[in-house]
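Take the sequences, apply the hints, and build the full model.
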Amino acid sequence: MSGPALAEATAPVVPDRATPRRSRARVPRRWRRAVSPVVLVLAWEAAARTGLLAPEKLPAPSAVLATGWRLARDGTLGVHLLDSLTRAALGLLIGGGLALVLGAAAGLLRLGDDLVDPPVQMARMLPHLGLVPLLIIWVGIGESLKVTLVALGAFFPIYFNTYAGIRDIDERLVEAARTCGLGAAARLRHVVLPGALPALFLGLRLAIGAAWLSLVVGEQVNAQTGVGFLMMEAREFSQTDVVVLGLLIYALLGLASDLLIRYAERRTLAWRRGLRAT
Amino acid sequence: MATRTARDLTGPVLTARAVTRSFGPAVVLAGVDLTIAAGETVALLGGSGSGKSTLLRVLAGLDGDAGGEHAVHGTAAVVFQEHRLLPWKRVAGNVALGLTGPDVGERVGRALAEVGLADRGRAWPAELSGGQAQRVAVARALVREPDLLLLDEPFGALDALTRLRMQGLLRRLRAQHGFAALLVTHDVEEALLLADRVLLLDDGVIAEEVPVRLGPSPSPDDPALGALRRHLLDRLGVPAG
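Residue numbers (UniProt numbering), protein chains in the order written: chain A, 1 to 278; chain B, 1 to 241.
Treat the hints as calculated values from the structure; they're not laboratory data.
Treat the hints loosely; a few may be bogus.
[Unchecked claim] Derived contacts from chain A toward chain B, CB cut-off under 10 Å, selection only: (1) 175; (2) 176; (3) 177; (4) 181; (5) 183; (6) 186; (7) 195; (8) 197; (9) 265; (10) 269; (11) 271.
[Unchecked claim] Here are some chain B residues the structure puts well away from chain A; computed CB gaps all over 10 Å: (12) 17; (13) 22; (14) 27; (15) 38; (16) 48; (17) 68; (18) 77; (19) 82; (20) 116; (21) 145; (22) 156; (23) 158; (24) 173; (25) 230.
For every residue, glycine included, the Cβ atom is placed at its ideal position computed from N, Cα and C.
Below you can see the structure in the form of structure tokens.
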């Protein structure tokens with residue numbers, strides 16, 4: 001008896017005390033989270049300037065940025081970046097498109113499920129980056145190797161999320177659409193596609209992450225262009241600043257694509273904001 | 001409208017003969033015969049698991065595995081226990097689902113106005129209360145100008161006050177549009193207030209048919225209602241007091 005009574009008596013007091021403190025701290029908190037990254041970068045800069053870090057091991061961030069600016073101005077960076085982006089886009093398009101078709105077939109049709117899903121489930125267990133030796137034998141060391149790797153990396157997240165997104169759609173909504181006279185094609189457009197869209201976005205985000213990862217590995221195998229090539233070449237001449245720049249570019253590419261997807265998600269999934277508002 | 005005029009206005013809107021449905025060894029419907037006349041409201045009463053929702057699903061054409069014959073002469077629309085609105089379409093988009101023609105917007109606006117939600121067309125379903133969402137579901141059925149409205153415990157998930165309002169709304173809409181209705185419910189009171197005829201589903205067949213003659217606007221205090229209510233509750237296995 002005394003236990004719950006005690007809890008009741010103290011429970012309202014705690015949030016009362018905590019609420020004003022938290023609201024006061026909310027504005028500075030955002031800035032507080034920026035403190036440690038800034039300190040780290042400054043420490044890195046200072047360590048490099050004072051010679052604590054040898055420039056051939058890790059150049060100063062300012063030196064990396066200067067190198068980036070130099071390469072951007074003479075056009076080198078643009079060329080390599082464009083090649084990397086082309087590979088990523090092509091691989092995503094091929095792998096993602098195939099995943100979308102097969103995932104939809106497996107998710108929508110019982111026959112598709114029986115025929116497509118077992119081999120895909122088995123292939124999923126293979127780490128696709130471990131396929132590089134085999135892929136070199138199959139498609140050579142040229143462009144097709146890079147694109148194939150990206151396509152393989154992008155395939156699985158999109159396939160599984162397409163499949164799960166379709167399967168998770170409430171059967172009762174499909175039924176309601178049927179009573180409204182919607183045929184199979186109209187149900188696909190008005191119920192299945194929008195219902196699976198959140199999962200599709202999640203799959204796309206994971207796929208883009210996998211695509212960049214595949215690109216990093218693929219571009220280190222006999223590439224003549226691309227950000228990965230830039231880094232491998234710089235390593236041979238001990239241009240550590242270019243290597244670090246390459247890493248920075250990969251990180252920025254990942255960040256930019258994620259922001260882009262998030263923006264697209266916010267635009268197309270506005271109905272979920274309504275869901276959260278209530 | 002075309003289907004309405006094409007239909008024989010004096011004939012029944014729904015005929016069902018020897019409808020059967022089993023789930024594995026369990027026979028849920030063991031030969032149901034049912035006819036609903038134009039403009040008539042029939043309530044289908046039954047205990048939990050008596051198969052009344054199964055029968056409605058069969059009649060709505062949502063169950064391909066049922067035996068027997070059934071046909072809707074004209075157009076039918078369904079209102080389910082849950083509103084079943086598509087969360088990714090605004091209210092007006094949900095009502096307009098599957099409609100074609102140049103005047104869709106106007107028809108949707110009229111249907112929403114009839115359920116008292118004329119100003120909520122731009123809202124997302126998630127922003128509505130339970131009663132409002134169910135009214136949108138009614139509007140979605142109504143906008144199709146059905147000859148027959150199939151209602152599967154449409155007010156079962158609503159609170160008592162909202163339920164009373166919804167029952168009033170349904171009565172008013174029926175008086176205005178003259179559609180026939182099959183109302184599946186476990187609520188004896190609701191069945192008696194809304195229906196011209198109450199059917200009792202038991203053991204997979206229509207066990208009893210009770211005509212309700214309470215006048216155009218029955219009041220819950222009508223003594224005739226009390227006797228009927230007692231009788232139906234007895235049949236449903238609810239002992240007196």
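Now the hints, each set against the structure:
1. 175: Since the shortest Cβ distance to chain B is 6 Å, the answer is holds.
2. 176: Holds: closest Cβ of chain B sits about 4 Å from residue 176(A), inside 10 Å.
3. 177: With Cβ-Cβ at 7 Å, under 10 Å, it holds.
4. 181: Where the cut-off is 10 Å and the nearest Cβ of chain B is about 4 Å from residue 181(A), the hint holds.
5. 183: Constraint on residue 183(A) satisfied, holds at 9 Å.
6. 186: holds, 7 Å
7. 195: holds, 7 Å
8. 197: holds, 8 Å
9. 265: Interface hint status for residue 265(A): violated (13 Å vs cutoff 10 Å).
10. 269: holds, 8 Å
11. 271: holds, 5 Å
12. 17: Fine: 22 Å to the nearest Cβ keeps residue 17(B) off the interface.
13. 22: holds, 20 Å
14. 27: holds, 23 Å
15. 38: Since the minimum Cβ distance to chain A is about 20 Å, residue 38(B) lies beyond 10 Å and the statement holds.
16. 48: holds, 19 Å
17. 68: holds, 20 Å
18. 77: violated, 7 Å
19. 82: The claim breaks: residue 82(B) does not keep its Cβ more than 10 Å from every Cβ of chain A (closest is about 7 Å).
20. 116: holds, 20 Å
21. 145: Non-interface label on residue 145(B) holds, nearest chain A Cβ at 12 Å vs cutoff 10 Å.
22. 156: Its Cβ never comes within 10 Å of chain A, the nearest being 15 Å, so this holds.
23. 158: Holds, because the least Cβ-Cβ distance between residue 158(B) and chain A comes to about 17 Å, which exceeds 10 Å.
24. 173: Holds, since 18 Å exceeds 10 Å.
25. 230: Residue 230(B) is indeed farther than 10 Å from all Cβ atoms of chain A, at 36 Å.
Checked against the numbered hints above, the structure violates hints 9, 18, 19; every other hint is satisfied.
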